[in-house]
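Colleague: Residue strings, one per chain:
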Amino acid sequence: MSDKVKKMQEIAREILEKGEAKVVIGWEKGTHWYLSPPAFIDKPEEVERLVWDDFCHNNLSKYLKDYVNHEGKVAIFVKGCDSRAFNRLLQDKQIERDKVILIGIPCHGLKDQDKAKELGENADIPKAKKCVECRYPNPLVYDYFIGEEKALDEVAAASEARDFSDVEAIETLSPDEKYEFWNKQYERCLRCYACRNVCPACSCRECIFDQTRVGWIGKANNASENQFFALTRAMHVAGLCIECGECERVCPMNIPIMLLNKKLIKDINLLFGPYDAGVDVDGKLPLGHFDKNDPEEFM
Amino acid sequence: MKTVLKTKLPELFEKLANNYTVFVPAKIEGISRFAPYQNGLELALEENVLMPPKDIFFPQTEKMYKFKAKDQYLEIEDLPPEEGQQVIFGVRSCDLKSIDCLDQVFLTKGFVDAFYQDKRDRSILIGLSCVKPMENCFCSSMGVDPQKGVGADIQAYDLGDKVGFEAITEKGRELLGKIETLLVEEAASVPAVEKFVLTADIEGVPEKLKNMFDHPIWDDICRKCLNCSVCAFVCPTCHCFDIASEVRGEDGTKIRCWDTCMFDEYTRMAGGHQPRPGKKERVRNRFMHKLRYFPERYDMLLCTGCGRCVAKCPVNLDITAVIRKIKEAE
Amino acid sequence: MKRVGVFICHCGSNIAGAVDCEKVAENAKSFPGVAFSTDYKYMCSEPGQELIKKAIKDHKLDRIVVASCSPRMHEPTFRRCLESGGLNAYLLEMANIREHCSWVHPDDKEKATWKATELVRMAVAKVLKNEPLQRSTIPITKRALVIGGGIAGIQAALDIANAGHIVDIVEKEPSIGGKMAQIDKTFPTLDCSACILTPKMVEAANHPNINLITYSEIENVEGYVGNFDVTIRKKARSVDMTLCTGCGTCMQKCPTKVPSEFEMLMTDRRAIYTPFPQAIPNKPVIDRKNCRYFTTGKCRVCEKICPTKAVDYTQEDELVTQRYGAIVVATGFDLFDHSVYGEYGYGKYKDVITGLHFERLINASGPTMGKIKRPSDGKVPKDVVFIKCVGSRDEAKGKAYCSKTCCMYTAKHATLVREKIKDSNVYVFYMDVRTPGKGYDEFYTRTTDQFGAKYIRGRVSKIYEKGDKLIVRGEDTLLGRPVEVEADMVVLATAMVAQPDAAKLAQMVGFSYDQDNFYTEAHPKLAPVETHTAGVFLAGACQGPKDIPESVAQASAAAAKACGLLSKEEMPTEPIVSCVNEAICAGCGMCVPVCPYKALDLKVIQERAHGKTITRKVATVNSGLCQGCGACTVACRSAALNLKHFTNEQILAEVDALCL
Amino acid sequence: MSVKEAQANWEPKILVFACNWCTYAGADLAGLSRLQYPPNVRVLRVPCSGRVNPQFVIRAFQRGIDGVLVAGCHPGDCHYVTGNYFTRRRYLLMQRLLQYVGVDPERFQARWISGSEGPKFQQVVKEITEQIRAMGPNRKLRDAQ
Amino acid sequence: MKYAYYPGCSLSSTGIEYDMSTRKVAKALGVELWEIPEWNCCGASSAHLTDHLLALALPARNLAIAEEQGLDMAIPCAACYVRTKATEVEVKSSEEMQKTISEVIERKYTGQSRARALLDVFVNDVGLDSINALVHKPLKGLKVVSYYGCLLVRPPKYGFDDPEDPQSMDKLVEALGATPVDWAFKTECCSGAHAIAKSEVGLPMIEKILAAAKESGADCIATACPLCMCNLDMRQGQAGSKFGRSYNLPVFYFTELMGIALGIKPEELGVNKHFVDASGIIKKLNEAEGRRETA
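Protein chains in written order, with my numbering: chain A, 927 to 1225; chain B, 14 to 343; chain C, 150 to 809; chain D, 242 to 386; chain E, 19 to 313.
These are calculated hints, taken from the structure and not from any lab test.
Take the hints with a grain of salt, since some may be wrong.
What the hints assert, rightly or not - Distance windows between CB atoms, simulated:
{"#": "1", "chain 1": "C", "residue 1": "A676", "chain 2": "D", "residue 2": "Q277", "range": "29 to 39 Å"}
{"#": "2", "chain 1": "C", "residue 1": "I754", "chain 2": "B", "residue 2": "K338", "range": "33 to 43 Å"}
{"#": "3", "chain 1": "A", "residue 1": "K1055", "chain 2": "B", "residue 2": "G164", "range": "39 to 49 Å"}
{"#": "4", "chain 1": "C", "residue 1": "P288", "chain 2": "E", "residue 2": "K175", "range": "51 to 61 Å"}
{"#": "5", "chain 1": "C", "residue 1": "L505", "chain 2": "A", "residue 2": "N995", "range": "20 to 30 Å"}
{"#": "6", "chain 1": "A", "residue 1": "K1055", "chain 2": "E", "residue 2": "T32", "range": "58 to 68 Å"}
{"#": "7", "chain 1": "C", "residue 1": "A702", "chain 2": "E", "residue 2": "P222", "range": "48 to 58 Å"}
{"#": "8", "chain 1": "C", "residue 1": "P255", "chain 2": "B", "residue 2": "V260", "range": "27 to 37 Å"}
{"#": "9", "chain 1": "B", "residue 1": "E42", "chain 2": "E", "residue 2": "E113", "range": "30 to 40 Å"}
{"#": "10", "chain 1": "C", "residue 1": "L505", "chain 2": "E", "residue 2": "R309", "range": "51 to 61 Å"}
{"#": "11", "chain 1": "B", "residue 1": "G164", "chain 2": "A", "residue 2": "E943", "range": "48 to 58 Å"}
{"#": "12", "chain 1": "E", "residue 1": "K161", "chain 2": "C", "residue 2": "L505", "range": "49 to 59 Å"}
We put the beta carbon where it would ideally sit given N, CA and C, even for glycine.
Sequences and hints are given; from them, build the entire structure.
Modeller: Right, dumping it as structure tokens:
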């Protein structure tokens, strides 16, 4: 067992024994070696279930929404992306800071589950795509911290610059080629809403896609409705997406959802100045304010 | 047994396609599913496909009829009937069993669904045996024989570089006759099934669940669920649907679309009341339906052990683990 | 089943000339929900309106579409028609088939008729989803608040008070009077500023309808037009206003000397003080930051000496909340801090002063008793240089705008120097001389011709000290030559800028301000004293640089607007406002910053869920503030916010109807 | 009518979301001034361009509109003070997103048209109509009906 | 501490003592100067008056070489500094310009490597405390006016010090033990090349600076620019005779003063190359030193 896992379990045990929180949310081993799904630990004796390995993909902060009316505190483990998700939910007033105990873990980048399954346990498994481009591997906010502070620097140093080449590749296509590409992607969308439900930027009480009575979207599954869903969701998370990449990971149809989200991130940065969602809790949202000197193209 | 080289299968499908719509397992845009055979299609015969054959009989979106508002009345107009026979090749035992489940729902107990029945009647099923269970397969635990499914018109066997055929029904025999020229009669033994990675002990579970509606186990099981519908939409047996109208001015179409007990709207009543308000109620319903309610009504499980939900669940909410927890529960 | 009536207007031949109105009426009959459809020559005429009213009755119509001219023209007419026909006014929709159809497509009757039909179809689809809306009224509190007690605030308060309404003036300093009290003479008449200001101050103080709330600041503003709930922080004066007689003994005996802000720090005041002798109220306050008792715990001299025992060290800040019907904002201006100008010495040269310093230097009650003496050594300056546009018309270091008053006050200063120091030389460096105003240019001409001030057109690039002189180096652009002046004193015409806390107050009250933090009028031409927030008006230099007559004029204008509002008992409200579906609202607050009227806020509600009582936050719309723009509805991702009369459902229905 | 005939008789349909205070008034002025333009535009009145939810735009394309114009007051002139600044932010993004998924740039446009700019309204809708006519019917994002 | 050293053309000719003293002082302070191999002209004056892109591209090549080494550039000459800084600022603010420039110079320059004035490096990177600690021979009693010239701290967006009243050189000479004298001509123009081409314009400008320095009571002038040095030192006699005055004000590069205080022999620093004889000052300093030692 690695020192980190030991430390994790120690902290969790301490929190539960002292009664600081009633539940600790972490990760545990799942059906296969390459799966580390979320775990909910209520009792000190269960802390041994907790793990930290290359597959702790799930962004745990989203679960805090389930504990809004929970009595007492909830403790959760946060990677860089989980902490940004936490900040986002805080910014959306969906959770209260003092009802949560955050245990920060610097993250070296997780491994690709599909590749892991394909290549086997002893192979050199590549990083998950979302982790290759990660720029915030360290938790931005935490009450406890796993590992040494210097690990923060190491991890931060290892993180790479944001890469928009995939977005740019699509931008260079002709309109018809673009449409063909996206139409193909969304033709196969099941509208299972896994992307939405896993997304920490989606904090609505009732999503408009569930409001059939208003008639935003039809129940029918076809490329047109599915693209309404895709574009609307992209606009709804514009300026809020923290690039955890969970939407794309959980999509059973392998739709490159982050290509849409990254396009908006790229444009927001280009048009309105650098902005990273979930970093500054007190900052203004890109679509929540304006600048009189915003680019003028509509003359 | 009548056999054909796997490399010759396209030729065989080509021939059948003259008279039938031939659904074969194929990989399209990286997703494996049943698709009408056409030249150049990338076949996916190594493993079972991600999307089950369910949507051939029960499409995700199905038009039912058209209507037109006139003065204070509605005029109903039936859609032109679909015609032609279809062959579905390569249905694994778990999916054959799932069709059996769907048949129960849509064709028995005095409730016959005309849309389903029509498609079902026009279909000839060719099963395909499994040799190496996939990592998430546990069909044998659910009482399914991976070598020989139920309800197939023809059972095909994976013989390595060849496929062997065995007619089960009259329809099947007739179909085999049509491709006889491509088949070779030879003695062949079906290879034994390899060991399953995943298993589940279902013994006594449906009975035990009768007294577990209020069991605290559900509080724990439900917690990581996201209430998405990946599991239901990749499930070969889930069959809930919702009927809706698409209205454009005076004209409208009634459609029915897959629905799932994971969604908020599924049980929300007209007045806004929500009897299954949270994850717990919805997750409980899903497993209760699969493992208790369905067996109670139709005397069969509503899980065939295909493992698709285990593979695709974003949070690894594994039904075999749930079964284990139910077994262990006090 | 809803029953829509459709009425197609010919507008004489205005519409019928290009659109086949009979055909449009006929087409409309088949639209879902339409129970009656007809056309008529002039729908807006008396018989036309009667036709509609009769049809409502005869055909049991419950909503109406009128296809005629622009709704911007006759929507009120037909709304009244519906009301008198017994329907709610908001069950009307109009299809604009004149301005948007017949008039612009006069030559293609077929296409115009096609378009008119579609416009009617859109209107029908929308009206099917219209809801009856009720206009309501809000009561008006007959009391006005004037924020700022300078000349603008005093004038506005006097005008409102004279109209018979109660007015409170809130002033942050211990005395009213503002910047005008510091000024010596006023241009172009050179009459004494105090002589014309103090009578106004006294009048305000004695007016039965005016309450002075000095040494106080606005803490919070809630509510909306007619009903602003304003919390005022009355800072602790440490002197009981009811006991103090203003005898001034305490101010003589106080041992602590503090540089006087009123005198631009050029002389001292005491820790217990009134800002200037004519202060109103003429009762002192204790400056607790500098008071010996408050800093060391010992002293209490003023307490001992006070004959009426008015000194009270235990006083605390007091928060009072009062409801007002109207607010006049008259918070004035500040002066540009010229220390950003390195070329003028970063403010470190003692004899480089601002115009306001100069006002105090020449004021008979100022630190030098009206003798012009330079601050460094008290010498009477012989050579005085004035530099205009310091901080104004300078995008690099200051503000882009023209500060408007500096040309005139510099001319005034130049005149006064020449008048008081006979053998003096006055140099004025300028970019332009701008003197639009009654008697202004004549005054400037006198300054140069009669008083001999030397105007040099050019900027000053550097000032440095050489011995006891200041070397002012610049360029005379008319001669095209560098010039150097050896000066004894330099006076900078620093720009008028917004008060440092201007933005904070605007955010509190809820109106907008420009990039320089000056308050933005509702319309630069047609609503120059209103703000975008109903019931809030602007007076004086808080809106932009102004001289005294302009400030006074605007103050009276703002007062007139306020009086107009206060003269009513109540005012009607438009029901087209946003509303919140609390069941859906997640309380994320994304709508709040989008609202320009501060109409959105979050509130806590209680509800039962899963058998427990829980509290959660939801958005709430203040329908008194909401103007119905609908920006919030788009910010709301879950569509919990909707705009009445322009709901999501209605707009979607219009889009759908158009696409058939 | 056969499919071919329908195609031959195709007329572009263009939806204009117009704010009540500027662009709608501008369109009224175009009418008052009898400025002619093609009969292919339909003006949908909204209080402010800030009311135009991007979802309305996608919906229009779904249902078969060939081009959408969102128009409002010039920045700084908004009747509701700041509404159009939000419109500008939102649609700078939306426009790029639509182009990114293959919608031709001509099909979605945004313009500032004031109440006094009747001629501009005329010119803009003329231009858009001609552009769209040259491109033919929009099939992208469109539902099968 | 390591920097890419860019001496520029003046430092191998008229300003050779600036180069000598810089290298000596840097060594003494433990600052490693890696001279940019094959450095090219910064393009001063001529390039930016003729072609904007050329003016940016010339320094960009030097910066690119520095960037390849992962080093910031240390630049003694004020003109070289301001031209190089201009390139850095432009590249950082415009991605497009960055691409264009990289294309022109056929090297990648991303704006990572920064242009630094040598004075900035010594004062802000090495630090006044560290310098002070290394002072062997404090310049006790020496009154110095710091003359920054017109380029070193301007325009404000390039500068590392106040554009109107800079302080870094004043603080530096103070750290060396000398007495900085405040004056109003710190950033006055020395007339640049006018002194050569239009002496009737140039000489009065030089004269004003010298007069102000003299009037302030200073013993000498410290400077950071080879052209300023030329004008104030070489043309001091010319300016003086034109106005009938004699100033006798030695002018030093600040690096020379540093060298002297650090105990380096004046000849090694090139002090003997001045036009206005500085030996008097050196002598006085030595005498004071001697007195202190014997005392």
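Colleague: Taking the numbered hints from earlier one at a time, note which ones the structure violates and give those numbers from smallest to largest.
Modeller: The structure breaks hints 5 and 12; every other hint is satisfied.
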